[in-house]
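Protein chains: 2
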Amino acid sequence: SNALRAPRMDRHARISSIFPPLLHRDLALELASLLESRLGSDLLPSSVPDNIKSFQNQSGTSFGSLDIRYGAPGSSVDFLLESWLHCEVPTGSIDITTLLVYQNDSTDAPHFNLEFIQAGPTSLVLLLDLIPRRDLSFCPDYIDKFYQGTNVDKPRQDLEKLPQVVPYRSPSLYIRSIWSPTAILVSINCGEGGAMQMEEIIKGTVASAAKEVLGVWLERCVGTGTGTEMGEEEREYMIRRDRVVKSKSIEIDLSANLPRLFDPDVANRVIAEIQKACARIKSSMILFNLFL
Amino acid sequence: SNALRAPRMDRHARISSIFPPLLHRDLALELASLLESRLGSDLLPSSVPDNIKSFQNQSGTSFGSLDIRYGAPGSSVDFLLESWLHCEVPTGSIDITTLLVYQNDSTDAPHFNLEFIQAGPTSLVLLLDLIPRRDLSFCPDYIDKFYQGTNVDKPRQDLEKLPQVVPYRSPSLYIRSIWSPTAILVSINCGEGGAMQMEEIIKGTVASAAKEVLGVWLERCVGTGTGTEMGEEEREYMIRRDRVVKSKSIEIDLSANLPRLFDPDVANRVIAEIQKACARIKSSMILFNLFL
Numbered sequence: 321s322n323a324l325r326a327p328r329m330d331r332h333a334r335i336s337s338i339f340p341p342l343l344h345r346d347l348a349l350e351l352a353s354l355l356e357s358r359l360g361s362d363l364l365p366s367s368v369p370d371n372i373k374s375f376q377n378q379s380g381t382s383f384g385s386l387d388i389r390y391g392a393p394g395s396s397v398d399f400l401l402e403s404w405l406h407c408e409v410p411t412g413s414i415d416i417t418t419l420l421v422y423q424n425d426s427t428d429a430p431h432f433n434l435e436f437i438q439a440g441p442t443s444l445v446l447l448l449d450l451i452p453r454r455d456l457s458f459c460p461d462y463i464d465k466f467y468q469g470t471n472v473d474k475p476r477q478d479l480e481k482l483p484q485v486v487p488y489r490s491p492s493l494y495i496r497s498i499w500s501p502t503a504i505l506v507s508i509n510c511g512e513g514g515a516m517q518m519e520e521i522i523k524g525t526v527a528s529a530a531k532e533v534l535g536v537w538l539e540r541c542v543g544t545g546t547g548t549e550m551g552e553e554e555r556e557y558m559i560r561r562d563r564v565v566k567s568k569s570i571e572i573d574l575s576a577n578l579p580r581l582f583d584p585d586v587a588n589r590v591i592a593e594i595q596k597a598c599a600r601i602k603s604s605m606i607l608f609n610l611f612l
Numbered sequence: 321s322n323a324l325r326a327p328r329m330d331r332h333a334r335i336s337s338i339f340p341p342l343l344h345r346d347l348a349l350e351l352a353s354l355l356e357s358r359l360g361s362d363l364l365p366s367s368v369p370d371n372i373k374s375f376q377n378q379s380g381t382s383f384g385s386l387d388i389r390y391g392a393p394g395s396s397v398d399f400l401l402e403s404w405l406h407c408e409v410p411t412g413s414i415d416i417t418t419l420l421v422y423q424n425d426s427t428d429a430p431h432f433n434l435e436f437i438q439a440g441p442t443s444l445v446l447l448l449d450l451i452p453r454r455d456l457s458f459c460p461d462y463i464d465k466f467y468q469g470t471n472v473d474k475p476r477q478d479l480e481k482l483p484q485v486v487p488y489r490s491p492s493l494y495i496r497s498i499w500s501p502t503a504i505l506v507s508i509n510c511g512e513g514g515a516m517q518m519e520e521i522i523k524g525t526v527a528s529a530a531k532e533v534l535g536v537w538l539e540r541c542v543g544t545g546t547g548t549e550m551g552e553e554e555r556e557y558m559i560r561r562d563r564v565v566k567s568k569s570i571e572i573d574l575s576a577n578l579p580r581l582f583d584p585d586v587a588n589r590v591i592a593e594i595q596k597a598c599a600r601i602k603s604s605m606i607l608f609n610l611f612l
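Protein sequence lines, in the order shown, are assigned to chains A and B.
Using the working numbering, you'd call the opening residue of the first sequence number 321 and step up by one each time.
Using the working numbering, you'd call the opening residue of the second sequence number 321 and step up by one each time.
Next comes chain A alone, as it looks inside the complex (with noise of 0.2 angstroms):
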């Protein structure tokens, strides 16, 4: 059993060693060690290297971590993405978890996206969602099956009725376009003194709606035979269409954002790792990848 539990002593190891103590960060530890577990052998082994694992600035002030774990052969999963930064900045810290698998096209079924961007500790930024790979007003379908046949809207229900949440809306209208319409897209503030309070939401509204969300996602969008039928231009279309939403989401969310955080060196091998990972052509794909 030890071997068993080793990954995710690794991980929780890892960022233990690197990132003070926050519970959002252990909220995500927690998430992706359920992760990997369920995903099993649908994930290779980390593609990246240690550099990437683990950086910082040069003067000591920021600290990241990137892992990336591309799906095995016959999987669903084009890859998993684990992001951790803490950057210390003149207002206090700015803690950003992002844990994103993205689905190949086997299936049509939804990428699955968590993202926590917290500034001190009342102050959290959850955007939460199963993005979508089809054009949702095209396809009343594919809203059935994953949006309204899982019910993903009650939780986004449940922390909206919290008197501390409002919706987030990011400065980017693209950004704002990729969205299911169930996602949880909320800023929580809970005021001067109420950082007991932001620990009862994390642990109670926040830490339910993530596991309910990645339930879903685990038990209805991994694997083959999970997504809504396709013809081959369709599938050449979400081919193209997920194309477009990873790159423009790298470069409005890390291209513009990490390069303030870090050291441009330090941003650059981080997104060439990132970008690496989007820009990936699989062999069966190689012919038609050409026209595009």
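It is worth saying that the hints were derived from the structure and are not from the lab.
Possibly wrong hints are sitting among the right ones.
What the hints assert, rightly or not - Just so you have them, the derived chain B footprint on chain A, three or more residues with Cβ under 8 angstroms:
| id | region |
| --- | --- |
| 1 | 459 to 469 |
| 2 | 487 to 495 |
| 3 | 564 to 576 |
Nothing here was measured: the structure is a model prediction, and the numbers come from that model.
Just so it is clear, CB atoms sit at the ideal spot from N, CA and C, and this is done for glycine as well.
Please build the complex by placing chain B on the supplied structure of chain A, with the hints as guidance.
Just chain B now, kept in the frame of chain A:
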């Protein structure tokens, strides 16, 4: 000049003769009249019979008026729909006003949508948007052109700053998926005794937002040459997409609600008139549409 003012006076007289006075209705009348005078010869005369232009339920507690004007040959407008409803309900009254302009396939520029749902003097839902006709996650340029470049996020921000405003979410996940990232989807609640405050908000921020968004639509979206470049395949995709959006919107919005507010024969007559407009096959498209 009497002749020029005739359509405006006609609508004003007709609506005022049917419905009790209401501030959001006055604003909608002003906007409808602006729309009509700016579109001018883009619109053919009204296409609906008198028993659609004015209808009511048997017990005389619900009144309605629907008008549809098709776009003239050469115009980018498919049709302008205006719908005015007043229903007495056990808790008071509900007033629903809709101004909707669907465009045809000569452009991919957005449709225009304005809807007010008012339940009493202190509660108003506003749905105001330039409805996209492309899969936005796949078309960042479309977002840049119609939403970023036109600054339509500003009126949304202004409205959402008001303490009386909370986001409105349609119970239908499908309807949530049709909007643009700058859509104004808000519920304004002024609480008991807040009728004066609601008046100020309608005359102020709501009127400004509606005029701003309608202005952008009239300036940037009407007319051939307003859209982004489309190949034939993209145009065909857009036509099929538009058809799904229209038919699902009617099914969810009207077919579910009108029969509760009016007698079935009245509701069916009105729905049939709208379905006719949505399903209309333009002669140039007959051949293509056989394959859909």
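Cross-check of the supplied hints:
Coverage of the region 459 to 469 of chain A by chain B holds in this model, with 4 residues showing a Cβ closer than 8 angstroms to a Cβ of that chain against a need of three. Only residues whose beta carbon comes within less than 8 angstroms of a beta carbon in chain B count, and the region 487 to 495 of chain A has 3; three or more means the coverage holds. A count of 3 residues in the region 564 to 576 of chain A with a Cβ less than 8 angstroms from any Cβ of chain B is obtained; the coverage claim is therefore met, three being the minimum.
Consistency with the previously given hints is maintained throughout, with no hint failing.
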